[in-house]
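Residue strings, one per chain:
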Amino acid sequence: MGPLRVVRHALPDRLFHWIGAACVLTLLATAFLPIAGVEFGWVTAHWVTGLVLMAAVLFHVVRVLVRGTLGSMWVGRGDIADAVEIAGSMLARKLPSRRPGKYSVAQKFIHHAFAIVVLATLITGGLMLARIDTPWWQRNPYLLPDATWGIVYVAHGLAALLLVTMIMMHIYFALRPEKLKFTRAMIRGWITRQEFDEHHDPKRWQVDR
Amino acid sequence: MELFRVSRDIYGREVLQGVSWDLLWVFFGLGCVLILGHALYRLILAPKQR
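In order, the protein sequences belong to chains A and B.
Each step along the first sequence adds one to the number in the numbering used here, with nothing skipped, and position 104 is 104.
So the mapping is simple: the numbering used here equals the position in the second sequence, first residue as 1, plus 1000.
Take these hints with a grain of salt, some might be off.
Dumping the calculated DSBU-like pairs for lysine-lysine here, alpha-carbon to alpha-carbon at most 35 Å [stated by the list, open to error]:
1. A:Lys94 <-> A:Lys203
2. A:Lys179 <-> B:Lys1048
3. A:Lys179 <-> A:Lys102
4. A:Lys203 <-> B:Lys1048
5. A:Lys102 <-> A:Lys181
6. B:Lys1048 <-> A:Lys181
7. A:Lys203 <-> A:Lys179
8. A:Lys94 <-> B:Lys1048
9. A:Lys102 <-> B:Lys1048
10. A:Lys102 <-> A:Lys203
Derived from the structure by calculation, the hints contain no laboratory data.
One chain only, chain A, in its complex shape:
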């Protein structure tokens, strides 16, 4: 019997999540509200928030690499077996018997989907910074040929649109009753020992070492 609470997300990881969430919501608002007819000076707020998100993502990547925790998000053979069992259980209308480690296969896939889409917005947005005046440089719209800028804009816009769907899904799942323990863990950092015992495989998430 271990302690009554199991730490799931350390404070720096929670700060990264919520700063990232605030940035993404601000970026979507400053991108789409003007399109919906709400007019305001959105450009400065958009690129400054983009830089904050870029810094947050860089912090997250460096922290993961330094701590060597990249493997906790790796989709391994156990996760594939989980996915196959979940699919079979859905068809058979029974509960899956396998318990995940720290993260379920669905949580890993949504993390990777967000990582790809957010990185796409950051890379394309970073290139688009060349087209605006900032305190550090003057705009240079000729950095890339027009056709290439078109592709950059399409990628940026498509990633932003994907984020709309993904954030809706993410918030929906975060608010579902059976997932509230994970939402609480992202706010306060911990799940209870009982939640750990019921929903996680202690061999795959070794918290008592």
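Given the coordinates of chain A, work out where chain B should sit on it, guided by the hints.
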């Protein structure tokens, strides 16, 4: 519904400007459909969680 926004340059050639913002409602609608679909699945078909 257009998929892309295009304009013309000074030579009259088409220049890609980005995805069409009409697609915003498609992606919003897709989110609603997925949420509703999952909620109905959990309500009607899925076995009760532990």
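Going through the hints against the structure:
1. A:Lys94 <-> A:Lys203: 23 Å, holds
2. A:Lys179 <-> B:Lys1048: 14 Å, holds
3. A:Lys179 <-> A:Lys102: 14 Å, holds
4. A:Lys203 <-> B:Lys1048: Distance of about 25 Å is within 35 Å: holds.
5. A:Lys102 <-> A:Lys181: Holds, at about 13 Å.
6. B:Lys1048 <-> A:Lys181: 17 Å, holds
7. A:Lys203 <-> A:Lys179: 22 Å, holds
8. A:Lys94 <-> B:Lys1048: The given pair, whose Cα atoms are some 9 Å apart, holds under the 35 Å limit.
9. A:Lys102 <-> B:Lys1048: 22 Å, holds
10. A:Lys102 <-> A:Lys203: 10 Å, holds
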